[in-house]
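Protein chains: 2
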Amino acid sequence: MPAAHGYAAGMTGAATPAYRRLSVEERRGQLLDAAQGLFAHQAPEDVSLDDVAEAAGVSRPLVYRYFPGGKQQLYEAALRSSADALNHCFTEPPEGPPTERLGRVLDRYLAFVDEHDAGFSALLRGGSVAETSRTSAIVDEVRRAAAEQILVHLGVERPGPRLNMLVRTWIAAVEAASLIWLDEEKRPPAAELREWLVDHLVALLAASTASDEETARVVGRLLAQETPEGPVARLARRVIPVVGQAAHLL
Amino acid sequence: MPAAHGYAAGMTGAATPAYRRLSVEERRGQLLDAAQGLFAHQAPEDVSLDDVAEAAGVSRPLVYRYFPGGKQQLYEAALRSSADALNHCFTEPPEGPPTERLGRVLDRYLAFVDEHDAGFSALLRGGSVAETSRTSAIVDEVRRAAAEQILVHLGVERPGPRLNMLVRTWIAAVEAASLIWLDEEKRPPAAELREWLVDHLVALLAASTASDEETARVVGRLLAQETPEGPVARLARRVIPVVGQAAHLL
Numbered sequence: 001m002p003a004a005h006g007y008a009a010g011m012t013g014a015a016t017p018a019y020r021r022l023s024v025e026e027r028r029g030q031l032l033d034a035a036q037g038l039f040a041h042q043a044p045e046d047v048s049l050d051d052v053a054e055a056a057g058v059s060r061p062l063v064y065r066y067f068p069g070g071k072q073q074l075y076e077a078a079l080r081s082s083a084d085a086l087n088h089c090f091t092e093p094p095e096g097p098p099t100e101r102l103g104r105v106l107d108r109y110l111a112f113v114d115e116h117d118a119g120f121s122a123l124l125r126g127g128s129v130a131e132t133s134r135t136s137a138i139v140d141e142v143r144r145a146a147a148e149q150i151l152v153h154l155g156v157e158r159p160g161p162r163l164n165m166l167v168r169t170w171i172a173a174v175e176a177a178s179l180i181w182l183d184e185e186k187r188p189p190a191a192e193l194r195e196w197l198v199d200h201l202v203a204l205l206a207a208s209t210a211s212d213e214e215t216a217r218v219v220g221r222l223l224a225q226e227t228p229e230g231p232v233a234r235l236a237r238r239v240i241p242v243v244g245q246a247a248h249l250l
Numbered sequence: 001m002p003a004a005h006g007y008a009a010g011m012t013g014a015a016t017p018a019y020r021r022l023s024v025e026e027r028r029g030q031l032l033d034a035a036q037g038l039f040a041h042q043a044p045e046d047v048s049l050d051d052v053a054e055a056a057g058v059s060r061p062l063v064y065r066y067f068p069g070g071k072q073q074l075y076e077a078a079l080r081s082s083a084d085a086l087n088h089c090f091t092e093p094p095e096g097p098p099t100e101r102l103g104r105v106l107d108r109y110l111a112f113v114d115e116h117d118a119g120f121s122a123l124l125r126g127g128s129v130a131e132t133s134r135t136s137a138i139v140d141e142v143r144r145a146a147a148e149q150i151l152v153h154l155g156v157e158r159p160g161p162r163l164n165m166l167v168r169t170w171i172a173a174v175e176a177a178s179l180i181w182l183d184e185e186k187r188p189p190a191a192e193l194r195e196w197l198v199d200h201l202v203a204l205l206a207a208s209t210a211s212d213e214e215t216a217r218v219v220g221r222l223l224a225q226e227t228p229e230g231p232v233a234r235l236a237r238r239v240i241p242v243v244g245q246a247a248h249l250l
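Keeping their order, the protein sequence lines are chains A and B.
Numbering of the first sequence is given in full-length UniProt numbering, commencing with residue 1 and proceeding in unit increments.
Numbering of the second sequence is given in full-length UniProt numbering, commencing with residue 1 and proceeding in unit increments.
Treat the hints loosely; a few may be bogus.
Quick look at which bits of chain A chain B covers, simulated, 3 or more residues with Cβ under 8 Å [what the hints assert, rightly or not]: (1) 47 to 57; (2) 115 to 127; (3) 159 to 166; (4) 193 to 201; (5) 205 to 215; (6) 223 to 231.
Far from chain B, by Cβ distances over 10 Å, these chain A residues were calculated [to be verified]: (7) E25; (8) A40; (9) R101; (10) R108; (11) H153.
Some but not every residue of chain A turned toward chain B, in silico, with C-beta under 10 Å [claimed, not checked]: (12) T132; (13) T135; (14) A172; (15) V174; (16) P188; (17) R234; (18) A236; (19) Q245.
Everything labelled a hint here was simulated from the structure, so no lab data went into it.
For glycine and all other residues, C-beta sits at the position ideal for the given N, C-alpha and C.
The shape of chain A in the complex, shown without the other chains:
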């Protein structure tokens, strides 16, 4: 790398010595960080290669040298790196009541959605010119990782068809709720949305117990680990009066 390419490093912050020569990896990381920051808050359509060069404080040809595929390559690399960050959010030690673990995962997930608002919307709403079979594959991989993590916490290794559909359907519901949440200017507060999404999964599990033995076993194990202060107990206390209202049907 010719030293001249380090000229703009000083723009990234007062603490960075001017003209410091970045290694290939450092430079690549710097460009990717700049791209990711832009793609997080804007639709890919609205981000130009000049914007990326400007945000990184480098010239447009330098961006092309590292990402010869231009914006599309940068977009896919930024998405790849977001996918890794999301997969990292999903990791939670298998300790304590499962619904509380799920709540912590959802808190991290909603913080991610908050930090990647416009980019998250553009990606999941479809119709973006930057969307390809490769970007769809990355999104699907994240969904699969999320489903696998949930199944780990439910103590299931190879789910039957009903439980598999239940978990994947709930993940789709979480995505939809996240998009609506962004549309509604992040109302209700993230903690309230998280609580509702946990209730949603518990309600789905409860509704599927009688028609699916595997789900019944999962719910049995889940109930044994929950506490009177936890989400399942709170939900049960709230649903009992509703079931009471349905007494005329029983």
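The hints should help you fit chain B onto chain A, whose structure is shown.
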């Protein structure tokens, strides 16, 4: 229209008189039907303009005369016509228990998914080259129409944020379940999937009653219209033992 363009009409079936001259509207409809049949069972990538011409029994230039935008224009017109058919499925007279009305709507919806299997998957999975902001807008319009119809049957004109999120989230879950259903070679049978999806909405409504007054009112009205043989009663009977299992939490 020069008469020569009617030459291939005889190929569409023995009952059609050969060389019958189709009106502009008839011809357009014929081409669109042919395109729709292909797009229903294949990803747009896998449908060529030659395929459409062949299915309609006409020449490729004739297809271009009616659809100068070529395959993309045909795809969007086919999608528009599918969206209208779907919106038509959603219409259900406001009579009888709401969950039974919902079951009938879902039966029609699942029949539609069954008849448009590969096209439905390709459209909703994203990453298709035929996907544009226009096709996304058509899909969104269908989702909006579905949400409006559900709210009509729940007796709500302008839903508050929680009920709005609940209905839209459930619609996303139905879409996800439909895609998984197609992946799983249409297992379980459509009637079983429909029953599970109705349970899913009822469970969601029940889980939201305590945190949202509007949902509580909706559930109250819903329960008053249900019968002991209906989906809500069936679900309530199945959930009661689960709540019993949670007695140690209460």
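Evaluation of the provided hints:
1. A count of 0 residues in the stretch 47 to 57 of chain A with a Cβ less than 8 Å from any Cβ of chain B is obtained; the coverage claim is therefore unmet, three being the minimum.
2. Evaluation of the coverage hint for the stretch 115 to 127 of chain A: fulfilled, as 3 residues show C-beta separations to chain B shorter than 8 Å, against a requirement of three.
3. Remark: the stretch 159 to 166 of chain A is confirmed as covered by chain B, as 4 of its residues place a Cβ nearer than 8 Å to a Cβ of that chain, reaching the required three.
4. Counting residues of the stretch 193 to 201 of chain A whose CB lies closer than 8 Å to any CB of chain B gives 4, so the stated coverage by that chain holds, three being the minimum.
5. For the stretch 205 to 215 of chain A, the stated coverage by chain B is satisfied: 6 residues place a CB nearer than 8 Å to a CB of that chain, which reaches the threshold of 3.
6. Chain B is given as covering the stretch 223 to 231 of chain A, and this holds because 5 residues of the stretch bring a CB closer than 8 Å to a CB of that chain, at least three being needed.
7. The Cβ of E25 (chain A) sits about 30 Å from the closest Cβ of chain B, beyond the 10 Å cut-off, so the non-interface label holds.
8. With a minimum CB-CB distance of about 19 Å to chain B, A40 (chain A) clears the 10 Å threshold, and the non-interface call stands.
9. Chain B leaves R101 (chain A) outside its interface by the beta-carbon criterion, the shortest separation being 17 Å against a cut-off of 10 Å.
10. Even its closest Cβ contact with chain B, about 20 Å, leaves R108 (chain A) beyond 10 Å, as expected for a residue assigned away from the interface.
11. The claim that H153 (chain A) is not at the interface with chain B holds, since no C-beta of that chain comes within 10 Å of its own (minimum 18 Å).
12. Taking 10 Å as the C-beta cut-off, the interface hint given for T132 (chain A) holds, the closest approach to chain B being about 6 Å.
13. Because the closest C-beta pair between T135 (chain A) and chain B is about 7 Å apart, less than 10 Å, the hint holds.
14. Restraint check, A172 (chain A) versus chain B: the minimum CB separation of about 3 Å is within 10 Å; hint holds.
15. Because the smallest distance between the Cβ of V174 (chain A) and any Cβ of chain B comes to about 8 Å, under 10 Å, the interface hint for this residue holds.
16. A hinted interface residue such as P188 (chain A) counts as satisfied when its beta carbon comes closer than 10 Å to some beta carbon of chain B; here the least separation is about 7 Å, so the hint holds.
17. Interface hint status for R234 (chain A): upheld, as the beta-carbon distance to the closest one in chain B is roughly 9 Å, under 10 Å.
18. The beta carbon of A236 (chain A) is positioned within 10 Å of a beta carbon in chain B (closest approach about 5 Å), and the interface hint is therefore held.
19. The restraint placing Q245 (chain A) at the interface with chain B holds, with a minimum CB-CB distance near 5 Å, inside the 10 Å limit.
Of the numbered hints given earlier, the model fails hint 1 alone.
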